[in-house]
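Using the sequences and the accompanying hints, generate a full structural model.
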Amino acid sequence: MADCILVLDAGTTSTRAMVFAGDGTMEAVAQAELTQHYPRPGWVEHDAGEIWDKTLKCAREVIGQDAPRIAAIGITNQRETVVAWDRNSGEPLARAIVWQDRRTADFCATMKADGHEVMVQKRTGLLLDPYFSGTKMRWMLDHDAAVQAAAQNGSLAFGTIESWLVYKLSGGAHISDASNASRSLLLSLDGAQFDGDLCELFGVPPAALPEVVDTHGRLADCDPQWLGAAVPICGLAGDQQSATIGQGCLSFGETKATYGTGAFVLTNKGREIPHSDNRLLGTVLYQENGERTYAIEGACFVAGSLIQYLRDQLNLIGSAAETEELARSISDSGEVVIVPALAGLGAPHWLPDARGVISGLSFASGRAQIARAALEAMAHQTHDLASAFAADGAPWTHLRIDGGMSANDWMAQDLADILEIEVERPDFIETTALGAAILAAVGCGLHADLETAALTMRSETTTFSPKMDGDVRTSRLARYSKALSAA
476 MADCILVLDA
486 GTTSTRAMVF
496 AGDGTMEAVA
506 QAELTQHYPR
516 PGWVEHDAGE
526 IWDKTLKCAR
536 EVIGQDAPRI
546 AAIGITNQRE
556 TVVAWDRNSG
566 EPLARAIVWQ
576 DRRTADFCAT
586 MKADGHEVMV
596 QKRTGLLLDP
606 YFSGTKMRWM
616 LDHDAAVQAA
626 AQNGSLAFGT
636 IESWLVYKLS
646 GGAHISDASN
656 ASRSLLLSLD
666 GAQFDGDLCE
676 LFGVPPAALP
686 EVVDTHGRLA
696 DCDPQWLGAA
706 VPICGLAGDQ
716 QSATIGQGCL
726 SFGETKATYG
736 TGAFVLTNKG
746 REIPHSDNRL
756 LGTVLYQENG
766 ERTYAIEGAC
776 FVAGSLIQYL
786 RDQLNLIGSA
796 AETEELARSI
806 SDSGEVVIVP
816 ALAGLGAPHW
826 LPDARGVISG
836 LSFASGRAQI
846 ARAALEAMAH
856 QTHDLASAFA
866 ADGAPWTHLR
876 IDGGMSANDW
886 MAQDLADILE
896 IEVERPDFIE
906 TTALGAAILA
916 AVGCGLHADL
926 ETAALTMRSE
936 TTTFSPKMDG
946 DVRTSRLARY
956 SKALSAA
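Its first residue numbered 476, the sequence shown is counted upward by one per residue in my numbering.
Because the hints were derived from the structure by calculation, they are not lab data. Where hints are given, some of them may not hold.
[Unchecked claim] List time: in silico EDC-like cross-link candidates among lysine to aspartate or glutamate, alpha-carbon distance up to 16 angstroms: (1) Lys744 with Glu729; (2) Lys597 with Asp670; (3) Lys597 with Glu747; (4) Lys942 with Asp884; (5) Lys942 with Asp892; (6) Lys597 with Asp752; (7) Lys532 with Glu508; (8) Lys597 with Glu897; (9) Lys957 with Glu810; (10) Lys942 with Asp902; (11) Lys597 with Asp672; (12) Lys942 with Glu899; (13) Lys597 with Asp665; (14) Lys744 with Asp665; (15) Lys744 with Glu766; (16) Lys744 with Asp828; (17) Lys942 with Asp867.
[Stated by the list, open to error] With beta-carbon atoms standing in for the labels, derived distance ranges: (18) Ala584 with Ala705: 42 to 50 angstroms; (19) Asp924 with Gly728: 32 to 40 angstroms; (20) Ala705 with Asp924: 24 to 32 angstroms; (21) Asp787 with Gly671: 41 to 49 angstroms; (22) Asp672 with Ala866: 25 to 33 angstroms; (23) Ala882 with Glu686: 33 to 41 angstroms; (24) Leu817 with His618: 44 to 52 angstroms; (25) Glu810 with Asp924: 28 to 36 angstroms; (26) Gly565 with Ala866: 40 to 48 angstroms; (27) Glu686 with Gln623: 20 to 28 angstroms; (28) Pro870 with Ala682: 40 to 48 angstroms.
Owing to the predicted nature of the structure, the values given are computational and were not obtained by experimental measurement. The beta-carbon is built from N, C-alpha and C at its ideal position, and this holds for glycine as well.
Right, here's the structure in full:
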């Protein structure tokens, strides 16, 4: 009986395959690390062929001989990362440009200077920043001979990672779900397909772009050669939208924050097309039968990657889990403050050229102080976002958190203390994958609708309540604000 969902979770540092039962229980998981390529400072690339090969290998590993049990496939992915491939050969034309990549900063600055940002934000909900897909596509067209040649002969295909995986799995379907498409700078939030005027503005040929489709439903079919059965692909969503669904934030005003490589906060805005006066983003949360539910979003580029930096580059810790023990070993950070702008500053500042700062160092500062300051930086960045959301008329009454870093109890409590609201964490924190499972389960008919699926498939939660003294909180935020001005 086909009663399980296969989820492909193509992240930034790894790709995974997971099998979920209809009640949300994860039955199997396989994971493979992805190679990170840094050809120049500020440049980040992936090998799209490696993503495909490792994703397929993981999928085959978790399915084994049980392909008949798989009712549908759900895919969630690192957003904004762009793949260029040839429609004839089905092979990548260049390395994928990753969402963290900053190479188009000058192009974005020129576009801003030419006065385009107001119009672009009004139509797309996005700002002119290297983060988004459209400028990466333009860079490939300007600088890569193979991409240029494919564009000239009509064989060029552009897509984000979910689009690339669907193309490979299906043997040629070129689609992108609305949540991912809304991160491109090329889709009007009220437009069904990519916008011709925006494509012209950014110099991207519409013929190279995928068809924009719903986030759930029967979207494509997997070629039987890959998994042993023609399994339908019934759920697609960018990782942050998927996590929002996995957290059950399906009602207007409900908010989640994911602490993975970066930190991303989304608030459900219902059918209301979001507009921000405080440099937040409007995005598609999900699309069903052509009808869109939107979200307002704040993105910080560095979260878990800061802990990885302390481990791999500075050798201050042996593992991410060690930071909690170090943070608890001291009463405060000794006035050490970290502004983690290692990849520039995201919302609400949007300063791609900002750089990381460690301030307040003294001879008393050691591993523990720096590790604690790194965890405190998560609450400080999130507080910046909370202020912007409130100014945009979307204040948080509570916050649902997930992602790898949320397993850290000390950090979860610190978030509650600095934000002065209750923070709720599910016992199963892999909500990005769970969201894709929920979408696919609804898309293939295992569950009637998203609300029913979320109610059935979500786990129990743990709540952290604020308890920090107000003076301590005020002092912390003042030190952070001073350090932020130096970034």
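Does the alpha-carbon distance linking Lys597 and Asp665 stay inside the 16 angstroms limit?
11 angstroms, holds
For Lys942 and Asp892, compute the direct alpha-carbon distance and say whether it is at most 16 angstroms.
Cα-Cα ~6 angstroms, so holds.
Taking 33 to 41 angstroms as the stated bounds, is the beta-carbon spacing between Ala882 and Glu686 within them?
38 angstroms, holds
Taking the CB of Glu810 and the CB of Asp924, does the distance hold inside 28 to 36 angstroms?
The hinted range 28 to 36 angstroms is violated for Glu810 and Asp924, with Cβ atoms some 51 angstroms apart.
Mind checking the alpha carbons of Lys942 and Glu899 for me, to see if they're no more than 16 angstroms apart?
Given that 16 angstroms is the threshold and the Cα spacing comes to 15 angstroms, the pair holds.
Can you tell me whether the CB distance of Pro870 to Ala682 sits inside 40 to 48 angstroms?
44 angstroms, holds
When you check the alpha-carbon spacing of Lys744 and Asp828, does it fall within 16 angstroms?
31 angstroms, violated
For Leu817 and His618, compare the CB-CB distance with the range 44 to 52 angstroms and indicate the outcome.
With a Cβ separation near 25 angstroms, Leu817 and His618 fall outside 44 to 52 angstroms, so the hint is violated.
Taking 16 angstroms as the top limit, are the C-alpha atoms of Lys942 and Asp867 close enough?
Roughly 27 angstroms separates the two Cα atoms, so the pair is violated.
Take a quick look at whether Lys744 and Glu729 sit within 16 angstroms of each other, Cα to Cα.
8 angstroms, holds
Are the Cα positions of Lys597 and Asp752 separated by 16 angstroms at most?
Holds: Lys597 and Asp752 sit about 11 angstroms apart, inside 16 angstroms.
Run the distance test for Lys597 versus Glu897: straight-line Cα separation, threshold 16 angstroms.
It is violated: about 33 angstroms lies between the C-alpha atoms, which goes past 16 angstroms.
In this structure, the earlier hints numbered 8, 10, 16, 17, 19, 24, 25 are contradicted, and the remaining ones agree with it.
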